[in-house]
Amino acid sequence: MGYFSDITRGLSTAVKGLTVVIRHLGRRKVTRQYPEPKNEYILPERARNRLYVNMDDCIGCDKCARACPVDCIEIETVKSIPEEDLGVTTRFAKKKSLWVTKFDIDMAKCCYCSLCVWPCPTECIVMTEVFEFSEPKRENLIYHYATMDAAEAELHRQNRANYEAQANVQRAKQAADRAANAPAGPPSSTPPSSPPPSAASPWANKGPKH
Amino acid sequence: MEQLGIIERLQSAFGETLGVWHASNSESAYARRMGSFFQVSDPARLLELAFFLRDEPALAFDSLLLLSSVDHGDGSLSVVYHLESTVYRHQIVLKITRPMAQARVPSVTSVWSHANWQEREAWDMMGIRFEGHPDHRRILLEEDYPGHPLRKYFKEPDFYHGMKVPN
Amino acid sequence: MGFLDHMELPVLPTDKTGEGNVIVTSLDTLFNWSRLSSLWQMSFGLACCAIEMMSTAAAHYDMMRFGVIPRPSPRQSDVIIISGTVTLKMASRVKMLYEQMADPKYVISMGNCSNCGGPYWEYGYHVLRGVDRVIPVDVYIPGCPPRPEALLEGLMKLQEKVRAQGKDIEFTE
Amino acid sequence: MPEILERNIHSHSLLHASAPVHLPDRVEPKRLHTEEMVLNIGPQHPSTHGVLRLEVVLDGEVVVDVIPHIGYLHRCFEKHAENLTYPQVLPYVDRMDYIAAMSGEHGYVTAVERLLYIEVPEKVEYIRVLFAELQRIASHLIAIGTFGMDSGAFTPFLYCFRDRETILEMFEKTCGARFLYNYMWVGGLSHDLHPDVLPMCRDFLKKSRATHQEINDLLTFNHIFVERTAGIGVLDREVAINGGASGPMLRSCGVKWDIRKDDPYSIYDRFEWEVAIGSSDRGEPGDSFNRHWVRMQEWEQSLNIIEQILEQFPRQDATDVQSAIPKRLKPPEGEIYSRTETPRGELGYYIVSNGDVKPWRVKVRSPAFSNLSLLPLLSRGYLVADLIVILGSIDIVLGEVDR
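Chains as they are written, first to last, in our numbering: chain L, 1 to 210; chain W, 211 to 377; chain H, 378 to 550; chain D, 551 to 953.
If you're looking for bench data, these hints aren't it; they were derived computationally from the structure.
Be aware that one or more of the hints could be misleading.
[Stated by the list, open to error] Computed cross-link-like contacts, DSS-like style, restricted to lysine-lysine with a CA-CA straight-line distance of at most 27 Å: (1) L/Lys16 with D/Lys757; (2) H/Lys538 with H/Lys472; (3) L/Lys137 with W/Lys374; (4) H/Lys472 with L/Lys96; (5) D/Lys757 with L/Lys63; (6) D/Lys723 with L/Lys29; (7) D/Lys877 with L/Lys95; (8) W/Lys362 with D/Lys723; (9) W/Lys365 with D/Lys908.
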C-alpha cells in the first residue's frame, strides 16, 4: 500500500471510530453511584450472598453440612431427653429432637454455590441479599448461629449423658431380671451384635480394572 | 471407519498380540464410541503404532485430543491417548498400563506436538516418565515440589519454602 | 456544586484541650485525607476475582470515582488488592511485590481464596491458605467472587481505616 | 534469515517438530552482531492476562524464543474432583474457566449425563443452550476488549464490559449469582428461567447487533489495528491440528471445525448458523487479526442462535426444571471422554467412574492450555510488541490453563 493511501485510510477509519465515541456522548450514563443512592440498583430476589440460618427452625439434621462442597458448615448436636420439649419448627410443624449446640459457618470459606440451601427440610438456611460485610479481622468472618452459650450446651450434654447412664443401668437391671426369671431355659438369644464387617467392596480401594 | 475396523486394521499390521479391545457396554452410542478403549500390551511398540496411526492414509489420526493419566490405586498407572482424525472424523482411545515402579512410556511428541505439554503435565501430576521427550520438566508445580500430587496416596508437605501448607 | 460537595475537606480539631499538638494533629489529618483520597491500586490480577476487579474498574462501577487508579508498577502504588487464589508458586512473588511498594502501603484481600484458601482450603495441595500467611492484610472482603459493590465497600472501609490512623481513635468495624 | 537468528532458534527449540520461523518483511536483516538477552515478562504484568510468566529470549527487538511458565494458578481441580461427589464438583468447574463459567458447566453436565445416560427435558436443553450462547458472547466480549487494550485501544474495553453487564444481569436474575453460577446441574437446572429474562434477551439482541457494528467500526476495521495485527503470529493449518489448537484459534486457520456442528451435543442440531472461519480479506488465515475476526463473527452467529431459541422456546412448557435430576448420582463403572465447544475451543472431560458417588478420575482437556502451548511457535521471529498482540489474540484464561 502506498504511503499516502496508508495515511488516508488510517485517518478515515480513525474518524469513523471517533464518530462512534461522539455518538455515545448523548447516551444514558450507565455508572451506578454505588454508595450514595443505594436503591438505584436493586439486587434480584434470588440473589445469593451471605448465608443466614434461622435457628428457630433448624432441626440439626446436618444435611447442609454434608452437601457443602467446601465443608465450611460445622454443626454439633446433642440428643434431647424425653422430658425436654424443644418445640416445633414454624414452617412444617416438625418436631425437633436435637439440641443444636454449635452451628458455625465460615463465610471466608463459603463459595456461595447454594448447594446447602436445597436439601434443607425446613428451609431454615437461606442466602440473603447482604453482601457488604468486609472485616478487618478474619476471625470475624466465622458466623456463630447457635443460640445457646457454652454453659447451656454443656448442661444439655450433661443431661443427655445422665439420661443414657440411667438407661444403661435400667437395661442391665432388666437383663439381669430376665436371666433370673428363666434360668433353666436355653440361653436366650444374644442381643443382636453389630453385623459382621461386610467384605470390603472390590472398589473400596481400587480403581476400575483396566 | 468403524472402531472395530480400525482395530482389525491395526491387528493385521502388527499382529494379534498388539492388545485387547475393551468395549463399553453403555446404552448410549456416544459412550460406546468415546468410552471403549484399546489396551496396548507392549509399550515398546507404542511409537511405531503412533506413527502408523498418523501416517496410514486410511486412518489419518492427525490430532491427539487428550493425553491423560490414571492412577488405578493398586500400584499401576495408565496413560490414555484419545485420538481423532479430522479427515474421516473417527476416534479411537489407546491405553497403556504400567506398574508404578516402571512408569515409563515412549514419548509421542514427535508424532503429535500437542503431546509436549500434556506429557509434561502427566509427569508432573502422576510421575510417568516419557522417554525421548525433548523438554522433560515439570510444568505446573515448581521443580522442587515433593512428590506427584495426583497419585492416590500423595500426602501434601507440611511446609513448603517456609510456608505452612495444610490448614 | 458537585465537585466541592464530594470533596472531603480535612476537619480541623476545634477543641483545644491541650492534649496533643494541634499543628501535628492537623497535619496528620491532612496526610490521611490525601492518602485516602488517592489510593492508587496496583493492577494485579490473580484469578476469578480479577475479572470482577476489572468490572469494578469499567463503566458500571467506575473505581476511579474513589481516587483508585490502576498502576502497573508496585513502586507507584499504595494499595495492593490480592484478587484471587494465591498458590505456593505465586506466594513468593506476591511477597516480593508487596515489599517493592513504597510506604505507606495497604493490602486488601479480595475474595475468599485470599482470605483463607476459600473453596480450596481442604484438598488444595498447591494453594496458600490465606494471603495473611505471607503479607499483612488490612481489610478482608468475603465473597466468591465479591460483587463489585462489595469491593467498593471494602475500599471505603480501608479509607476509614486510613482516616483513623495515627490518632487515638480505635478503628472499629 | 540471519545466521545468528537461525542458530539461536535452533538451540532454543522447544518443540520436536522443526519450528517454522516467520520473519515479517519490515524487520531488517541484521548485519550487526548483538548479544542476545533474556527478558522476563510476568507473572505480574498488565498484558499477560493473569499470572503467566514468559521467558523471552531476545535478539535486539526480535523474539528468538519464548518459554511460557505456567502453574501460578494451579488450584488442583483434578484432586478436588476426586474427593467430591458429582454435584459438588460443579462449583469447582465454574472456577476453572471463570470467564465462561456457564460453558464449562454445560460441558461437565453433558459429560456426566452421557456417562449416566440421562435424558433431560427439552425446556432445560433450550435454557442451557441459551445461556451457553449468552456466555459465549460475554466471554468473547472480554476477549475482544482486552485484545483491544493489548493493541493500544482502550475504549472498546469499556464498551465490551458495559454489554457484558447486561448479560450478567440476566444470569443474576435467573440464578442469583453474578459470575460463578452453579446453575446447570446434572439432569436439570437449579432455577427456572426468570420471567424477565426472555424480554431482556430480545432487547439485548437488538442492542448487541448495534454494538457489534460499533466495535467493528471502532476496532476491527480501524487501519491502525489491522496493521498491528494482520500477518502477525501466523499459524499453519497442519501445525494447528497437530499441535492441538481448537476453537477460534483453529478456525482462524481456515479449518471448519466446530464441535457444535461436527459432534453435536445438546440441541445444537436444531439451529441454523454458520461456522466462522478465517479468511484472507485482511491479513492471512491463521494470523492474529483473523483470530479476532473469527470471534467477532462468532458473536454474530451466537446472536443468530439466540434469535432462533427465542422463536422456538417452549413457553407453555411447565416442566419442572429439576424433575430429571437423579436423587442419587451413582454412575456405573466405566469411562467416557465428552467434549463441548466453549468460547476458547474444545473442552473435554475424561471421567473415569468406579461405580462410586465420587469420580475416580477427572481429567480436563482445557483448550486454553493446548492453545497456549503453541505460543512459542507463533511468536518466533516477531518483535516484542507483536508478542503481546499474539498472546492477546490467543485469549487464554489462566484458571483453565493451570486448572
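Straight-line alpha-carbon gap D/Lys877 to L/Lys95, limit 27 Å: 25 Å, holds
Restraint status (C-alpha distance of H/Lys538 to H/Lys472 at most 27 Å): Measuring from Cα to Cα gives roughly 22 Å; hence the hint holds.
Hint consistency between W/Lys362 and D/Lys723 [alpha-carbon to alpha-carbon, up to 27 Å]: 41 Å, violated
Satisfaction of hint between L/Lys63 and D/Lys757, Cα-Cα up to 27 Å: Given that 27 Å is the threshold and the Cα spacing comes to 45 Å, the pair is violated.
Holds or violated: W/Lys365 to D/Lys908, with C-alpha atoms at most 27 Å apart: Given that 27 Å is the threshold and the Cα spacing comes to 19 Å, the pair holds.
27 Å Cα cutoff - pair H/Lys472, L/Lys96: Roughly 51 Å between the alpha carbons, so the hint for H/Lys472 and L/Lys96 is violated.
Pair hint outcome, D/Lys723 versus L/Lys29 [Cα-Cα no greater than 27 Å]: Measuring from Cα to Cα gives roughly 22 Å; hence the hint holds.
Proposed proximity, D/Lys757 with L/Lys16 (alpha carbon, max 27 Å): Measuring from Cα to Cα gives roughly 19 Å; hence the hint holds.
Straight-line alpha-carbon gap L/Lys137 to W/Lys374, limit 27 Å: Given pair L/Lys137, W/Lys374 holds - Cα atoms ~20 Å apart, limit 27 Å.
Of the hints listed earlier, those the structure fails to meet are numbers 4, 5 and 8, in rising order.
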